[in-house]
Amino acid sequence: MAGHLPGMRQAPSLAEAAPTAGGEPPILAQPPLTFAEAYEAHFDFVWRSARRLGVSDASIDDVVQDVFVTVYRRLSEFEGRSLLRTWMFGILRHTVRDLRRTQRRKPTEALSQEPEAPGGGPHEATVQREGTRLLHEVLESLDDDQREIFVLAELEQMSAPEIGLALELNVNTVYSRLRAARQSFEAALKRLRSREQWLMRSSGGCDE
12 MAGHLPGMRQ
22 APSLAEAAPT
32 AGGEPPILAQ
42 PPLTFAEAYE
52 AHFDFVWRSA
62 RRLGVSDASI
72 DDVVQDVFVT
82 VYRRLSEFEG
92 RSLLRTWMFG
102 ILRHTVRDLR
112 RTQRRKPTEA
122 LSQEPEAPGG
132 GPHEATVQRE
142 GTRLLHEVLE
152 SLDDDQREIF
162 VLAELEQMSA
172 PEIGLALELN
182 VNTVYSRLRA
192 ARQSFEAALK
202 RLRSREQWLM
212 RSSGGCDE
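All residue numbers for the sequence shown refer to my numbering, where the first residue is 12 and numbers rise by one.
No lab work stands behind these hints: they were computed from the structure.
In this text, a Cβ means the ideal position worked out from N, Cα and C, and glycines have one as well.
Among the hints, a few may not be true.
Stated by the list, open to error - Pairwise CB distance ranges (calculated): (1) R212 with E179: 42 to 48 Å; (2) S87 with A198: 41 to 47 Å; (3) M211 with T81: 41 to 47 Å; (4) S205 with R111: 25 to 31 Å.
Given only the sequences and the hints, what does the whole structure look like? Please build it.
Structural data, given as structure tokens:
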């Protein structure tokens, strides 16, 4: 992925994953799950996706709870035509957008609770925390449409058909928006790193 940050896993791009002939690969639906199984399997996905969409610490518990209340009420309506997490992301997306209609959007805070890669030492943990901080600062600069598609494609490694179902878009629109999102991400990351390098040089000059 372009603009790879420290501590971020690198996902294959949709362009690289797309088949050259015969259309997109089919989405294999999951077998039915109970609510308890769905909660256990997808709580982490919903939580981290909410944070990556800009939900603050003050609101995240309420947002995640609202998502799972909706899942509980509507799970019997899930027909298995997509992956369950795709369906759940659609619910999360609408929940987050409803929240933004009722309160002024606040800057995303660092993901201090995001799980760290297992087996890493203090240096690896520090690198991952820094990567997480940079990632969320850059994500905050994207508009909602670009942010949603970037999170699904680059961070959750969803396929174009999955993303289309989650965001109610056709596949061509998915690719078009993802290209724009990657360009915006690269530009924002470059600005942020240039700013931080300038601050580091300025701070070093003051200490001399």
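Do the hints match the structure? See the list:
1. R212 with E179: 42 to 48 Å: holds (46 Å)
2. S87 with A198: 41 to 47 Å: holds (45 Å)
3. M211 with T81: 41 to 47 Å: Since M211 and T81 have Cβ atoms about 45 Å apart, the given range 41 to 47 Å holds.
4. S205 with R111: 25 to 31 Å: Distance hint for S205, R111 holds at roughly 29 Å.
Hint compliance for this structure: every hint is met.
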